[in-house]
Amino acid sequence: MKALFFIAVFAAISIGFWQIAKIFGATKEDQTATNKENNINGWMMLFVLAFVHGLLIFCMVEYGDVLLPQLSASLEGEDIDMLFKITFGLILFVQFFTQILIFFFAFKYRGNINRTATFYADSHKLEMIWTSVPAIVLTILVLYGIYTWNEVMDVSNQKDPLYIELYAKQFQWEARYAGSDNTLGEANVRNIKGINTMGVDMNDKNAADDITVLREFHIPKGRKVVFQFRSQDVLHSAYMPHFRAQMNCVPGMKTHFGFTPSVTTVEMRKNQDIIDKVAGINKIRKAKSKVLEANGEDALEPYEFDYLLLCNKICGASHYNMQMKIVVDEVADYNVWINKQKTLASKIN
Amino acid sequence: MSDHKQTFLTKYIFSTDHKMISKQYLITGIIMAVIGGFMSMLFRLQLAYPESHFTIIEAFLGKGGEGGQMTPDMYMGLVTIHGTIMVFFVLTAGLSGTFSNLLIPLQIGARDMASGFLNMISYWLFFLSSVIMVISIFVHSGMASAGWTIYPPLSALPQAMSGSGLGMDLWLISMAIFIAASLLGSLNYIVTILNLRTKGMTMTRLPLTIWAFLITAIIGLVSFPVLLSAALLLIFDRSFGTSFYLSDIFIQGEVLHYQGGSPILFEHLFWFLGHPEVYIILLPALGITSEVISTNSRKPIFGYRAMIGSMLGIAFLSTVVWGHHMFVTGMNPFLGSVFTFTTLLIAIPSAVKAFNYITTLWKGNIQYNVGMLFSIGMVSVFISGGLTGLILGDSALDINVHDTLFVVAHFHLVMGISALLGMFAGVYHWFPKMFGRMMNKKLGYIHFFITIVAAYGVFFPMHFTGLAGLPRRYFNNTAFPLFDDLAPINRVITWFALLGGSAQLIFLGNFFISIFKGQKAVQNPWKANTLEWTAPVEHFHGNWYGDIPEVKRWAYDYSKVDANGVPYEQDYAPQNMPLREGEEEF
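If you read the sequences in order, they're chains Z and Y. Once you know that position 62 of the first sequence is 62 in my numbering, the rest is easy, because the numbers rise by one and skip nothing. Once you know that position 249 of the second sequence is 249 in my numbering, the rest is easy, because the numbers rise by one and skip nothing.
Keep in mind that the hints are not guaranteed to be accurate.
Unchecked claim - Examples of chain Y residues lying across from chain Z (beta carbon under 10 Å, computed): (1) Gly-62; (2) Ser-115; (3) Leu-118; (4) Ala-156; (5) Leu-246; (6) Ser-310; (7) Ile-399.
What the hints assert, rightly or not - Restraint-style ranges between C-beta atoms, simulated for each label pair: (8) Y:Lys-63 <-> Z:Phe-104: 32 to 42 Å; (9) Z:Phe-93 <-> Y:Gly-241: 53 to 63 Å; (10) Z:Phe-104 <-> Y:Glu-538: 19 to 29 Å; (11) Z:Lys-125 <-> Y:Ile-13: 49 to 59 Å; (12) Y:His-140 <-> Z:Ala-279: 43 to 53 Å; (13) Z:Thr-34 <-> Y:Gly-546: 45 to 55 Å; (14) Z:Phe-47 <-> Y:Ile-135: 43 to 53 Å; (15) Y:Gln-570 <-> Z:Ser-123: 40 to 50 Å; (16) Z:Lys-125 <-> Y:Leu-9: 30 to 40 Å; (17) Y:Gly-241 <-> Z:Ile-348: 25 to 35 Å; (18) Z:Phe-104 <-> Y:Pro-578: 32 to 42 Å; (19) Z:Asp-30 <-> Y:Leu-9: 48 to 58 Å.
These aren't lab readings, by the way, just hints derived from the structure by calculation. Even glycine gets a Cβ: it sits at the ideal position worked out from N, Cα and C.
Full structure from sequences and hints, please.
This is how it looks when you write it as C-alpha cells:
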C-alpha cells in the first residue's frame with residue numbers, strides 16, 4: 001500500500017512538471033537555439049569545465065587520506081605503485097588538457113549570427129600526430145606494464161618461499177601452512193569430514209605436517225610467500241589491498257599468487273598515512289558512539305589498523321563480511337607464532 | 001505504396017513500419033530505464049545510510065526491505081537487475097533499436113527495412129524478454145542476484161543464494177529471447193545498409209551514424225550467439241545435471257556430483273560477448289554524436305575517413321580483448337600480457353575519435369540546440385571515463401583495483417553515462433523526425449546541466465572509494481572499520497545520484513508532453529544535410545512521396561566555400577542537392 005502512496009507522490013510531481021511545461025509550451029518560440037541561448041549556453045560550458053576540474057581537485061585534496069597508504073606492504077607492490085603513479089600522472093595530464101580544449105572551444109565558438117564556421121574537414125598531418133603520439137606513449141606503457149606484470153606474477157623460480165594455502169567458502173577464509181616440509185598436501189572437497197574442513201587428503205605424506213588456522217594468519221617480513229588458492233563452493237576472490245595482491249579462488253582449480261611482505265603490522269601502524277587514516281576513522285566512530293550511547297547501546301571500539309584479506313568476488317548473502325586478519329611479523333616473532341600452531345593431523349587425532 | 005489502409009492494430013501494435021518500431025523500442029527502453037534507474041536510487045540510499053530506515057525502501061521492496069532496511073539478498077538482486085536492464089534493455093535495445101530503426105532507412109534513402117516483418121518480430125521478441133525480465137523481479141524466492149555477469153557456480157546453484165532459483169531461470173530465458181531479438185535486428189540492419197542504399201549513396205557518402213550502426217550490428221552478430229551458448233550451457237548445468245561450469249563443489253554439508261567443468265569457461269564465453277557489448281552500446285552513441293556535433297557546429301565532421309577507420313579498428317580490437325576482465329582468474333600470465341597489449345591498443349583509435357571531435361568544434365559556429373549540449377557532454381564523459389581504462393586494462397595495475405568501485409566508476413562513465421548522453425542527444429535531435437513536434441528547449445537545457453553535474457558528482461568521488469580498496473557489490477561496508485571513513489563520500493555520491501535521478505523526471509515530462517503538445521516541427525529544423533530531413537514531417541509507410549531522393553554528395557557539406565574561398569549563401573547542402581557550378585565534391 002505504501003508503494004501506492006509513493007506512486008501517488010510521483011504522479012503529483014509529474015503533474016507539477018506538466019504544469020511547468022505547459023507554461024513553457026504556451027510561449028511560441030524559435031524552434032532552434034537563439035543567439036541569446038547560444039551565448040548563455042556557451043558560458044555555461046565554461047561553468048561545466050570549472051565544475052569538472054574543481055570536483056576532481058576537490059576529490060584529490062579532500063579524499064586523499066582515505067586512500068590506501070602510499071607505502072606498499074610488499075616488495076612487488078612497489079613496482080605496481082610506480083607504474084600506477086606514472087599512469088595516473090599521464091591520465092591527469094590528458095584529462096585536464098582535453099577537457100579544457102573541449103569546453104573552451106565550446107565556449108569560444110558558441111554560435112553567433114555574425115560568425116561563420118570554417119570549412120575544415122581533414123588534415124592528414126594532424127591525424128598522424130594524434131595517432132602516433134598515443135601510439136608511442138602506449139608502447140612505453142604496454143612494455144612497462146607487461147614487464148611489471150611478469151615480475152609480479154612469476155612464482156615459479158623462487159628461493160625458499162613460504163607456501164600457504166588460502167581456502168575460501170561461503171563466508172569464511174581458512175589458511176593452511178605447508179609445515180616443516182614446506183610442501184602442501186593434496187586436497188579435495190570429497191575429503192571434507194568433521195574437523196578436516198579443507199578436505200586435506202590425510203593419506204598424502206606431505207599433509208602430515210600441514211597446519212591450519214582460522215580468523216587470522218601470520219606471515220614473516222622479507223620472505224617470499226607463495227599462496228595457493230582454492231574454493232569450496234562458488235567463486236571468491238582473495239583481495240589483500242595493502243599488498244597490492246589479488247587472485248580469484250575457483251572451485252575445481254588451484255590458482256597462485258606470491259609476494260614478499262616488506263612492512264610489519266607494527267611498522268605500518270606507525271606510517272603517517274595510516275596514522276592519519278586511523279585518526280579520521282576514530283573521529284567518525286566516536287561521533288557514532290555518542291549517538292549509540294545516547295540510545296543506551298554499547299559504544300564502538302576504537303579502530304586499530306590491521307592488514308586484511310577480503311572477498312572481492314560476489315559470493316552470496318554475506319559477501320560483504322568475509323574477512324580474515326593478516327599479521328606481518330618479524331621473522332623471529334613469526335617463528336614463535338607458527339610453532340605454537342597445531343598441525344591438522346594432531347587436531348584430527 | 002504509401003496509401004494502403006492500416007488498422008489500429010497494424011499501425012500501432014504489429015506495425016512493420018520502421019518508424020513505428022523505432023518509437024516502440026524507444027518507449028519500451030524508457031520504461032525499462034525508469035525501472036533500472038529507480039533501483040539504483042534505492043541501493044544508493046542503502047549505501048549512504050546503511051543504518052537508517054526508509055519508508056520508501058519498505059514500501060517498494062516488501063520483505064526485502066522490512067523495517068526500511070535492505071537485506072543483502074535484496075541489495076544484490078537490485079544491482080544485478082539494474083545492470084542487466086541498463087546494459088541490455090536500455091543501452092543495447094533502447095539505443096541501437098531506436099536509432100538504427102529510425103535512421104537506417106531514412107538516412108540511406110530506403111522505404112523501409114529489408115524485412116519489415118523480421119523487424120516487427122525482433123521488437124516483439126524484445127518486448128517479450130522485457131516482460132519476462134520484469135516478472136522475474138517479483139518472484140517469491142528472489143530475483144536473479146549473482147551480479148549482471150551471473151558467474152557460476154553462484155548463479156548455477158540454488159543452494160548458494162536464494163536468487164539463483166526461479167529468478168535465475170527467468171533471467172536466462174529472458175536473455176535467450178533478447179539475444180534472438182537482437183540477432184534478428186542486426187541481420188536486418190546489415191542487409192538493409194548493404195542492399196537498399198539509394199542511388200548515389202556510396203559507402204563513403206554514408207553518414208557516420210549509419211557506419212556506426214553497421215559496425216555495431218556486425219559486432220552483435222559475431223558476439224551475441226556466444227552469450228546465447230553460454231546461457232544455454234548454464235541452463236543445462238542448472239536443470240539437467242551437466243557439468244560444463246561446475247566441478248568439486250561442497251555446499252551445505254554435501255559434495256555435489258558435478259565434476260570436470262570450469263567456471264572460467266563461462267567467464268570466457270560471457271566476456272567474449274561482454275566486452276564487444278561495451279562497443280555495441282558505445283558505437284551508436286558515438287555515431288549519433290558525430291552527426292549532431294557536425295550539424296550543430298555547422299562544420300563537416302573532422303576526419304570522416306579516420307572516423308570510419310577508427311570505428312573499424314575499435315570493432316576488430318573489441319573482439320580480442322575480453323581477457324582483460326579476467327586478469328586475476330589465474331589465467332596464464334603470458335595470456336595476460338597479450339590481453340594487456342590488445343586492450344591498450346584500443347586507446348589509439350579512441351584517441352583519434354576524441355581529437356577529431358575536438359577539432360570539429362574548433363572554429364565552428366556552435367548552435368546550442370539541446371542535442372548539441374548532450375553530444376559535447378558525451379565526448380567529455382567518454383574521455384574522462386576512457387582514460388581510467390589505461391589503469392584497468394594494464395594487467396599489473398588491474399590486480400589491485402579489479403572488482404573495486406574504481407571499476408564501477410570507470411565503466412559507468414565510459415559506457416553508461418556517455419551512451420546515455422548520446423541517447424539523449426539522439427532523442428532531442430531526432431524528436432522532430434519521430435513525432436513531428438519539438439521538445440521544449442528550456443527544459444532540455446535544465447535537464448542537461450543538472451545531468452552532467454550529477455554524473456560527474458556521482459562517479460568522480462566513486463573512483464576514490466575504489467582506490468581506498470572498497471570492493472563492489474558490498475551491501476554495506478560497516479563490517480570493516482577500515483572503510484568507516486568512506487561514509488561521507490558515499491553520502492556525497494548518493495546526493496548527486498538523487499539529484500541526477502530527479503533531473504530525469506524533467507526529461508520524462510518534456511518527452512511525453514511534447515509528443516502531444518509540442519510545437520509542430522518544420523521539415524528540417526536543424527538545417528541538416530542528411531536524407532531524413534528531406535522526407536515530409538508526417539509519417540506514412542514509404543517515407544517519401546514520389547521518388548526516393550538521389551544522393552549527389554557526402555553528408556557533411558556545412559559552411560562550404562567556393563573555389564575563391566567565398567562561403568555559399570546557404571551554409572548547408574543536403575545530400576540530394578546537386579553540386580553547384582564549379583563545386584568539387586570533398
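So, going through the hints one by one against the coordinates:
no., hint, in the structure
1, Gly-62, "9 Å, holds"
2, Ser-115, "35 Å, violated"
3, Leu-118, "36 Å, violated"
4, Ala-156, "9 Å, holds"
5, Leu-246, "7 Å, holds"
6, Ser-310, "9 Å, holds"
7, Ile-399, "5 Å, holds"
8, Y:Lys-63 <-> Z:Phe-104: 32 to 42 Å, "53 Å, violated"
9, Z:Phe-93 <-> Y:Gly-241: 53 to 63 Å, "56 Å, holds"
10, Z:Phe-104 <-> Y:Glu-538: 19 to 29 Å, "42 Å, violated"
11, Z:Lys-125 <-> Y:Ile-13: 49 to 59 Å, "55 Å, holds"
12, Y:His-140 <-> Z:Ala-279: 43 to 53 Å, "48 Å, holds"
13, Z:Thr-34 <-> Y:Gly-546: 45 to 55 Å, "35 Å, violated"
14, Z:Phe-47 <-> Y:Ile-135: 43 to 53 Å, "44 Å, holds"
15, Y:Gln-570 <-> Z:Ser-123: 40 to 50 Å, "25 Å, violated"
16, Z:Lys-125 <-> Y:Leu-9: 30 to 40 Å, "59 Å, violated"
17, Y:Gly-241 <-> Z:Ile-348: 25 to 35 Å, "33 Å, holds"
18, Z:Phe-104 <-> Y:Pro-578: 32 to 42 Å, "39 Å, holds"
19, Z:Asp-30 <-> Y:Leu-9: 48 to 58 Å, "39 Å, violated"
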